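Dock the two chains into a complex; use the hints.
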Amino acid sequence: MSKIYPSISFKTRMKKVTEDSEKLGQLAIESQRVAVDLLENFDKSKVEDLRKQTDEIDVFTIELERKCIRFIASEQPFASDLMYIEATLRNISHIKRIGHLAMNIADAIDQINFENVPKKLVKELAYMGDYVHLMLTKSIKAFLNQDLEKARELNSDDDKVDELFDNVLTQSTSLMSESKEGIENFVQLIFIARYLERSADRAVNIGNRTIFMLTLKRPDIKSLDDDEE
Amino acid sequence: MNRITVKNLNAYFGDAHILKNINAEIPENTVTALIGPSGCGKSTFLRTLNRMNDLIPSFNHDGEIYLDDTEIYDKSIDVVNLRKRVGMVFQKANPFPKSIFENVAYGLRIHGVDDEDLIAKRVEESLKSAAIWDEVESKLHDSAMSLSGGQQQRVCIARTIANKPEVILMDEPCSALDPISTIKIEDLINRLKKEYTILIVTHNMQQATRVSKYTSFFLNGEIVEHNLTSELFINPREKKTEEYITGRFG
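Line by line, the protein sequences are chains R and X. Residues in the first sequence are numbered from 5 upward in steps of one, following this note's numbering. Residues in the second sequence are numbered from 3 upward in steps of one, following this note's numbering.
One chain only, chain X, in its complex shape (with noise of 0.2 Å):
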């Protein structure tokens, strides 16, 4: 079944014609890994899957998103709540200045769960599920900006997962992490994913074929090559696909 099915997306800042014409059906409980060179649309396909960049005023676009039979840009749609559907991970992580007890908690104060033992409950479940749990157990009211970025990251995916989303969108999460907190973070989307529909952004290639089922080659807002990871980073169908695998790109 499809978590997302995307029909004919565009989207433009200003007069820039950013995506053209995406088509997609991400199925539930997959990886997909989105690849291609800078500036060639997914981190924006990636935002426009929970209205990211909608916070940005010249954004608009035409076209359908759907989240389960849900169209997301219908008027009706709480934007709040979509956030809580669908979260998201940032290439730097990004706790806030708080606790880490706190830091996890934040999203469901704000969606307006005030029951403590209730939180004290998420909180502890999404860490263990974040694997970081046993790392932060005996410091939840530290500061979160005092652990190292592998940490702080997985705090993040801890916060996103606390409002039990249904997809993760995660923006080069690694990029800014040494290998050993790369393989945890690697380690932790692996077990994910039989819960969460993920979609990554990655610029690292064997990054892509550990964690994801399925592979997206973006070029200049396209979409060239969709398919199984293992047989696009094998035997690419497209010739573009095939030269930026390899490196020949340009």
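One chain only, chain R, in its complex shape (with noise of 0.2 Å):
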């Protein structure tokens, strides 16, 4: 945000809570992308690794959202000032949930003896990791950026991931209905994909919300002023 802010109070105050913002977007989407990882090179100590990271997020979240909430409390804002804060405080919770939700995934992982699971299943699970990985970049440097259009995007983004989900459910439920033999695999596999859809409904969460912070309208949701008019 190249703005000229009105006190250096206010615009390093400004600036830590975007860097901070960014700092726990990284975090999330590292986290995603190291536990989709274990699904083709599990590593039984990047769980654990993960684990503490999600530690991690959860003490910056709590950090950042008291920044946010002194800064409400001191600065005051308006206008475009006031809706960045407030996205941010609301974001950054659903950040704090794709890092939970990428434990979720190790911990799915975990659970898996992949030698009794088809590698074509666990290739199209990565490729929708890799997926989800590409839309929560998308959605937190549209959030940061002020990108309406690539906020937009996220949407129709979506629709892909679900598609997704629905393919490896599919499929997932037909190898359990041939063998009841290594159901348990299926089974988690099919969590680790409701998990991604669920990230991937995050990403879209931050996408709306910075249609809002810009256009204090949601694309999700017919206004009561739309009504009105």
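You can take every hint at face value.
Derived lysine to any residue pairs resembling SDA-like cross-links, with alpha carbons at most 25 Å apart:
no.	chain 1	residue 1	chain 2	residue 2
1	R	Lys-15	X	Lys-241
2	X	Lys-241	R	Thr-16
3	X	Lys-215	X	Ala-133
4	R	Lys-19	X	Ile-236
5	R	Lys-15	X	Asn-237
6	X	Lys-195	X	Glu-30
7	R	Lys-19	X	Lys-241
8	X	Lys-215	R	Ala-77
9	X	Lys-86	X	Pro-167
10	R	Lys-15	X	Gln-208
Which chain X residues face chain R? A few, computed with CB under 7 Å, are given here:
no.	residue
11	Phe-235
12	Asn-237
13	Pro-238
14	Glu-244
15	Ile-247
16	Thr-248
Which chain X residues stay away from chain R? Per the calculated CB distances, all over 12 Å, these:
no.	residue
17	Ile-58
18	Lys-86
19	Val-115
20	Ala-122
21	Ala-178
Simulated from the structure, these hints should not be mistaken for lab results. Predicted model only: the values in this text are computed from it and were never measured. Backbone N, C-alpha and C fix where the C-beta goes; we use that ideal spot for every residue, glycine too.
Here's what the structure looks like:
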């Protein structure tokens, strides 16, 4: 944001909130990437590292929430500044949740015996993970850069993720019906696909909050104002 | 229904063009906040509404201001009566060096009310409406100058209300008050809007958001933006408004 700010204190605090949001976003995206990597390159120590990183995300989120509240109390922002801080408070909750979903993915992978799972299905899940990774990156960039166009793209990106989820679900249930052997593995794979789909939903939420921040309208909610018009 | 309608108002002090083509509609029983940097014309605008600027020899204007259907600058207008209908509260409380009772009764007396029972009744009603009755009931005949700044301001509001105006103009009424007195005045404004049309000049943006339904942003003698307060402070239409309310001005 290349804006002129009224005071050094205001400018410094706004900059810090933006930097911290970016750092939190990077932590969550990194967690998601590490978790999806475990599908094809499992390493138990990385699951434990991820658990530590999830705790770090929680602490960082609380600190950033406090910073935002202190900013509102002391600077009493209006207009675009107020909307930015409000959006930050909302979006960091989504970012935190993305971190937790990454942990859920890692824990599910930890339960799977990959010898009984077709490689094709694992590849498809990894592809879904990559796609969600791109969506997460796009959502956080759209928010930090206040990029309305990119934020709007996320809604259609999510349709692709839903399609990938349906595909994994169909294949997994089909394999489960063919043989009861290894059924636990397929249940965990469905869980992973579900966690990825929910991560994508969080990216959409970040995009929608960015759209609201910039336009005061949500693409997914019919405004009461529209009824009055 | 609009209580005040301003059409193409220009105001001048000598050669200085202070208000430039102001158009405004002020609905009855609402609070309208006037905001803007110092010297932008908001107090001058306020003072045109009860012809207080007439007291300044170099003042002149063109355009029209209607109070209901009456053009207030019409030659037939009795200015004293106009100021009874459009009362004013100033930045600094300005009680007369008289008792609390006589401060409130003053306006009634100069408007010819001489029924002492009626005056006493109206003084009590006004002090109650101004939310200060409980604090002064036992010392009505003490000097108003002995009260705190916040109390003096509420006595001045009672003095304005006693004349049963239709419009109350407030020129930064809380700028010299502590937060508690400010809250009391703001609560009072919220109560008074049920019966009166109020215009308030304020430099305190939070105050504008708390008390007003509409806000006008003045800049260099013009109204840059007039909108619902809830809209103007969250989603201003004009870039200049955004820059002013976020402190990026200049």
